[in-house]
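Protein chains in written order, with the working numbering: chain A, 9 to 312; chain B, 9 to 329.
Keep in mind the hints are simulated off the structure, nothing from the lab.
A virtual CB, placed ideally from N, CA and C, is assigned to each residue, including glycine.
You may find that some hints are simply not true.
[As the list claims (entries may be wrong)] Beyond 10 angstroms from chain A on every Cβ pair, some chain B residues (computed):
no. : residue
1   : L28
2   : P178
3   : G305
4   : W310
[Stated by the list, open to error] Straight-line Cα separation of at most 27 angstroms, DSS-like style, residue types lysine-lysine; simulated pairs:
no. : chain 1 : residue 1 : chain 2 : residue 2
5   : B       : K219      : B       : K234
6   : A       : K143      : B       : K234
7   : B       : K137      : A       : K104
8   : A       : K130      : B       : K234
9   : A       : K130      : B       : K137
10  : B       : K114      : B       : K86
11  : A       : K130      : A       : K244
12  : A       : K130      : A       : K43
13  : A       : K207      : A       : K43
14  : A       : K143      : A       : K43
15  : A       : K217      : A       : K298
16  : A       : K207      : A       : K276
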Amino acid sequence: MNRELNLPSYLDQSAVVRARFQRIRERELILEVRKLGKRYAGAQGAVEALRDISFSIHRREFVCVIGPSGCGKSTLVRILAGLERPSAGEVLLDGKAVAGPGPDRGMVFQGYSLFPWLTVKKNVMFGPEMNGYGKSEAERDALMWLDLVGLSRFANAYPHELSGGMRQRVAIARALINQPRILLMDEPFGALDAQTRAKMQMHLLEVWKNVDVTVVFITHDLDEAIYLADRILVLKAHPGEVQELIEVPVPRPRQPAQSLSAEFLATKARLEELIHPAPPPEAEEERAIKPHMIRFTNVADNVE
Amino acid sequence: MGVIFKWLADGGQGARRRVLLGVGSFLLPLLAWCLVSYVPFIWHSKVLITDPGDVDYFQVDMRVDRSMFRDEVSNMEKTHQAPPVGTPANPIYLPAPGAVAHAFYKDFVHPSPYTDTPSLPASLWHSIKIIFWGFLISSLIGVPLGILSGTYPAFGRLSEPFIEFFRYLPAPAFGALAVAILGIFDGPKIAIIVIGTLFQQVLIIANTTRKLEATLVEAARTLGTKRLRLLTRVVVPGILPDLYRDQRILLGWAWTYLIVAELIGTSSGITWFITQQARYQHFADVYAAIITIGIVGFGTDWVLARIARRLFPWDRGLIHA
Ligand SMILES: Nc1ncnc2c1ncn2[C@@H]1O[C@H](COP(=O)(O)OP(=O)(O)OP(=O)(O)O)[C@@H](O)[C@H]1O
Ligand SMILES: [Mg+2]
Numbered sequence: 009m010n011r012e013l014n015l016p017s018y019l020d021q022s023a024v025v026r027a028r029f030q031r032i033r034e035r036e037l038i039l040e041v042r043k044l045g046k047r048y049a050g051a052q053g054a055v056e057a058l059r060d061i062s063f064s065i066h067r068r069e070f071v072c073v074i075g076p077s078g079c080g081k082s083t084l085v086r087i088l089a090g091l092e093r094p095s096a097g098e099v100l101l102d103g104k105a106v107a108g109p110g111p112d113r114g115m116v117f118q119g120y121s122l123f124p125w126l127t128v129k130k131n132v133m134f135g136p137e138m139n140g141y142g143k144s145e146a147e148r149d150a151l152m153w154l155d156l157v158g159l160s161r162f163a164n165a166y167p168h169e170l171s172g173g174m175r176q177r178v179a180i181a182r183a184l185i186n187q188p189r190i191l192l193m194d195e196p197f198g199a200l201d202a203q204t205r206a207k208m209q210m211h212l213l214e215v216w217k218n219v220d221v222t223v224v225f226i227t228h229d230l231d232e233a234i235y236l237a238d239r240i241l242v243l244k245a246h247p248g249e250v251q252e253l254i255e256v257p258v259p260r261p262r263q264p265a266q267s268l269s270a271e272f273l274a275t276k277a278r279l280e281e282l283i284h285p286a287p288p289p290e291a292e293e294e295r296a297i298k299p300h301m302i303r304f305t306n307v308a309d310n311v312e
Numbered sequence: 009m010g011v012i013f014k015w016l017a018d019g020g021q022g023a024r025r026r027v028l029l030g031v032g033s034f035l036l037p038l039l040a041w042c043l044v045s046y047v048p049f050i051w052h053s054k055v056l057i058t059d060p061g062d063v064d065y066f067q068v069d070m071r072v073d074r075s076m077f078r079d080e081v082s083n084m085e086k087t088h089q090a091p092p093v094g095t096p097a098n099p100i101y102l103p104a105p106g107a108v109a110h111a112f113y114k115d116f117v118h119p120s121p122y123t124d125t126p127s128l129p130a131s132l133w134h135s136i137k138i139i140f141w142g143f144l145i146s147s148l149i150g151v152p153l154g155i156l157s158g159t160y161p162a163f164g165r166l167s168e169p170f171i172e173f174f175r176y177l178p179a180p181a182f183g184a185l186a187v188a189i190l191g192i193f194d195g196p197k198i199a200i201i202v203i204g205t206l207f208q209q210v211l212i213i214a215n216t217t218r219k220l221e222a223t224l225v226e227a228a229r230t231l232g233t234k235r236l237r238l239l240t241r242v243v244v245p246g247i248l249p250d251l252y253r254d255q256r257i258l259l260g261w262a263w264t265y266l267i268v269a270e271l272i273g274t275s276s277g278i279t280w281f282i283t284q285q286a287r288y289q290h291f292a293d294v295y296a297a298i299i300t301i302g303i304v305g306f307g308t309d310w311v312l313a314r315i316a317r318r319l320f321p322w323d324r325g326l327i328h329a
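Bound conformation, chain B alone (with noise of 0.2 angstroms):
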């Protein structure tokens, strides 16, 4: 144990280490998953009936509370009935992990050929242009917003204090307004990823662009640098890596927004995946739908980091993050 701890304290350095934390991670909650679903003493507070026996409301593949169960035992015992048999199993929204792996694989590589359940691809596909869309939009006008925000403090006192305010509204708010603009297809959608994210973005952009350091801009002017060429020359290219940042950071906020858009008008995408699933009680497969948003906007942050490295040699920050 003391080892351990040791380890812990003056570990995360060096390269393996972090390796070895960066798995641990990811293994220690996939543990305890493991644990609750497959060893029969932990949790498991329902019993799968394989056999009712004798007891006229139980059937096979019924999951009942395991004091119920017990009762019902004593109960065919005392009358001399077939008593039921069952196993341990836990309730029907914890599939076990090998069941939810089943199901992952099961919907990308077999996926459903009928339009009323969606296939899982199919829908994760839609999600991802409705995150695309919205967040190309939001770019568009708060990336060049927050930088002019940042560069002119008279522009920033006229823009951000409204931005300030209209950051509170909550995006959902807004989607019965969405659909009666923009109808009850993806239009709404990518409204409601826009205004939840295009706010913050301004005003992160801008405070980034603030931090740039004020002797860089006054270098350039000594040089003989006037007016747009500071923005284009100077501010935009000392922000940049930052910048990049923040658009993964922003990036990953339009996916918590995704959920909430996509319930309103008609349902699409990942969420009609995840409802369907879950109205007929496939918990295996929401779970397989949850964990492939995670991996995608994961994936997506880890392989934008990689290209950051490419793209800004000069940035320490990325070199030793």
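Next comes chain A alone, as it looks inside the complex (with noise of 0.2 angstroms):
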């Protein structure tokens, strides 16, 4: 359908985005992968998770990875956080190999991950306390931090009061307290509904403005990626490998009403194409279901 409104090319690029890319790329490099691999040892034998995945990433870039269900995106993720070891290449973070976790990375789950025990203010000193900072100071920062994300008057509240999007503002103030280099969000806003997500978003975008961080996020949902990315990583299933990397052509700031924009459909268009090829031949049991409709009401009873 996209091919009848005659879209301009997703690698068109007007001279501001080309611009910015261009200072984008002259940053330093943040992080660089180098021929990634994971083999899990599984019941039905190992499964490659991960194949040869190499890309760099500028600092205070905006990256998004998607890729189809099972292509070994939340196994990136989390070899880049280091709570998962790469069976193969390497991860280098400011040009030093990461070896486990560490606070110089945060991370935001989809389960929101927030302790249940610890009130919301609680959680957030939960980083600085771990790292040595004394309680007056852990406190002072973390109420700075609820501010940011809006959440002071819930300071005292415990997690389970909260809302999914108020408790993903937590976790998000959580992680960058500890003022990481890189923030890791493995499909953050997937549980919350169409509405929350996008307020989320907007968020998101406004939060990451106004802090030095590089943000790579998870997501399966096209519209998310190219509204909230500088780039796409786009992955390909079984093995999962690199299929391209994308520079998204729409310009900064980015608003809502930009999804209707030539470059944001054309962008679109590209990534449907990777994501959703040709579908395959139909699988043997999938042509044995044949409905027979029966019908149960009057006549005249008609919906249509």
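Combine the two chains into a complex, taking the hints into account.
Structural data, given as structure tokens:
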């Protein structure tokens, strides 16, 4: 359908956008991923989750990772966080190899993962306390970050008293208070309703604009990826490999209304092409399902 | 009838109904007991002799089978002697609720001053002390061991198979051994409670620990938490409400080991009270003692549940339980 609209190529960039990417490229490299591979020893033989992944990210870039389910997005981000060891290749952060989790890489999980036994404020204070800051300093910082995500009023609430969107704001504050070089987010808004989600996307961009942090954001929502990202890393499944690293031609600052712009639609068309290629021939058992419709209603009782 | 069934089917909701049903679950057995005890034509398989008449082997306050009583009445009438007189009664081992209530009152308000017939409060206190020490010792070993087994897979694999095996050895089987090692007084009794509780405790708590959401530990690691701090700042607080619940259940199990434990060596505590009273056929006192155990156990658990609400304000399981 997009073809009928006669879209420009997603590779066409306006002068402003091109200049912006030029500026990004001039910034120092913060993350380098080299020939990364990951195999899991599963019950039915080894699973190759990732193969030969290489890319690099500049400081304060916003990179989204998309790909079909099971292509290894979570595995990739967990390796970046240091929660998982790669089977091959290496990850360099500021030129130093990553060997385990650390406060220089913050992470936000889909399931919030707030500590249920701590109040919102204590959750945010957790990082500084673990990294040797005094209680009063940690508390002062926590209140500042809660203010930044707009949750000062809920400082003394417990996580279970908050809505999903509010919990994710706490999780973001908790990760950012450590002033990480990189913020890793694994489908952070996946569990939120559409409206909350849109609000959180805007909020995240706002935070990113004001904080010196680089974002790696996993999603399977194409619109979300285009709306947020400078570049989109597209993976393919079985094994997970890099398909393309797309520079999003949509200019900043981003607005929800841009989702109807030509650049946006062109990028989306390209992503659709990469992620949902022409449907493979129907599987045997799929063809075997042949519904036989019987009318259970009165002939006069039509709904269409 | 239909109304009652409808009420029961969609009942159980709402605080008032819940209380009502809870009270009912105690009242129903009590009602059955009252019916059997106070309605003369329900059961009452014995006759309590009030006047033996001319039957030479009958005595006042003797309980005889109903058929035997009937035979003797017709025998006496045939030989024109005085027939015995009596009232329908239950066997001696089923005292009426009133008698038990009276025994309960008497045992607590006017306990026996003699040392050979133990008093109920003193016996109970002794039993509570045994439970306390047994459970404390078991927990001091079992809780850390369980948490370690649940947190570190290697540690779990090293300890759990043996514990799993030991769990099947019945605790009372160690009675003679415990006496040989620890003497005849409180030592072996505490040991039986420990043996009965400890092994279950390690396995249950290890399981609870393993159920902690893995992402909580991972989140803590990405925030810079390392080694021992993960245990003290994440694992322990994370499992605390469930650990507390486990401990409540395990405390209940410790009580079930009490009676066997107290029979080992010199009998003591509430068990001694019960066996002594049974020997004198004071069955009302036996029931009073058994019910006391129930009240103490149930009461402790209720208090512990209340305390938990204060201790763990974030725990949803408790808010709705
Ligand atoms: N711990 C594990 N052990 C064995 N196999 C695993 C493990 N974790 C992931 N895998 C496998 O690796 C592959 C990639 O998993 P991963 O969770 O990274 O995918 P994903 O892209 O995040 O998927 P989704 O979109 O569903 O979140 C899958 O085939 C999965 O079955
Ligand atoms: Mg995933």
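Comparing the hints with the structure gives:
no.: 1; hint: L28; in the structure: 30 angstroms, holds
no.: 2; hint: P178; in the structure: 38 angstroms, holds
no.: 3; hint: G305; in the structure: 29 angstroms, holds
no.: 4; hint: W310; in the structure: 24 angstroms, holds
no.: 5; hint: B/K219 with B/K234; in the structure: 20 angstroms, holds
no.: 6; hint: A/K143 with B/K234; in the structure: 18 angstroms, holds
no.: 7; hint: B/K137 with A/K104; in the structure: 60 angstroms, violated
no.: 8; hint: A/K130 with B/K234; in the structure: 18 angstroms, holds
no.: 9; hint: A/K130 with B/K137; in the structure: 40 angstroms, violated
no.: 10; hint: B/K114 with B/K86; in the structure: 46 angstroms, violated
no.: 11; hint: A/K130 with A/K244; in the structure: 40 angstroms, violated
no.: 12; hint: A/K130 with A/K43; in the structure: 39 angstroms, violated
no.: 13; hint: A/K207 with A/K43; in the structure: 36 angstroms, violated
no.: 14; hint: A/K143 with A/K43; in the structure: 42 angstroms, violated
no.: 15; hint: A/K217 with A/K298; in the structure: 53 angstroms, violated
no.: 16; hint: A/K207 with A/K276; in the structure: 21 angstroms, holds
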